[in-house]
Amino acid sequence: MARWPYSTGTWKRLRRLKLMSNPICGCGRMADTVDHVKPISDGGHPFPALDGLTSYCASCHSKKTARIDKRGAAATSKVHGGCTRDGTPTDPNHWWLK
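Read in full-length UniProt numbering, the sequence shown has 84 at position 84, and its numbers run on one by one without any break.
Please note: incorrect hints may appear among the correct ones.
As the list claims (entries may be wrong) - Derived pair list, reagent style DSSO-like, types lysine-lysine, alpha-carbon separation capped at 27 Å:
#1 Lys12 to Lys63
#2 Lys38 to Lys12
#3 Lys38 to Lys64
#4 Lys63 to Lys38
#5 Lys64 to Lys12
In case anyone wonders, no lab produced these hints; they're calculated from the structure.
Could you put the whole structure together from the sequences, leaning on the hints where they help?
Okay, structure coming up:
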């Protein structure tokens with residue numbers, strides 16, 4: 001069974017750094033959740049580099065989690081919410097890139 005890091009000081013610092021560097025979800029709302037690009041349950045590192053994490057708002061994170069669970073927790077390589085894996089909008093005209 002995977003050991004979940006979410007109550008550790010290391011995770012809390014990493015989460016804070018990710019939200020500071022990528023504060024906006026791909027949908028344009030403020031991000032409040034940090035998620036692993038490669039799930040811990042799929043062999044992902046519990047404390048990856050910042051590019052191994054994605055910033056989401058609660059709504060987008062719930063949708064992403066439901067989609068992953070529906071597929072049996074398989075990793076996805078799809079772009080989510082019009083953003084890259086690090087949360088940067090893919091639309092060059094997005095207000096965040098101005």
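Tested hints:
no.	hint	verdict
1	Lys12 to Lys63	holds, 23 Å
2	Lys38 to Lys12	holds, 18 Å
3	Lys38 to Lys64	holds, 13 Å
4	Lys63 to Lys38	holds, 17 Å
5	Lys64 to Lys12	holds, 21 Å
This entry satisfies every hint, going by the numbered hints stated previously.
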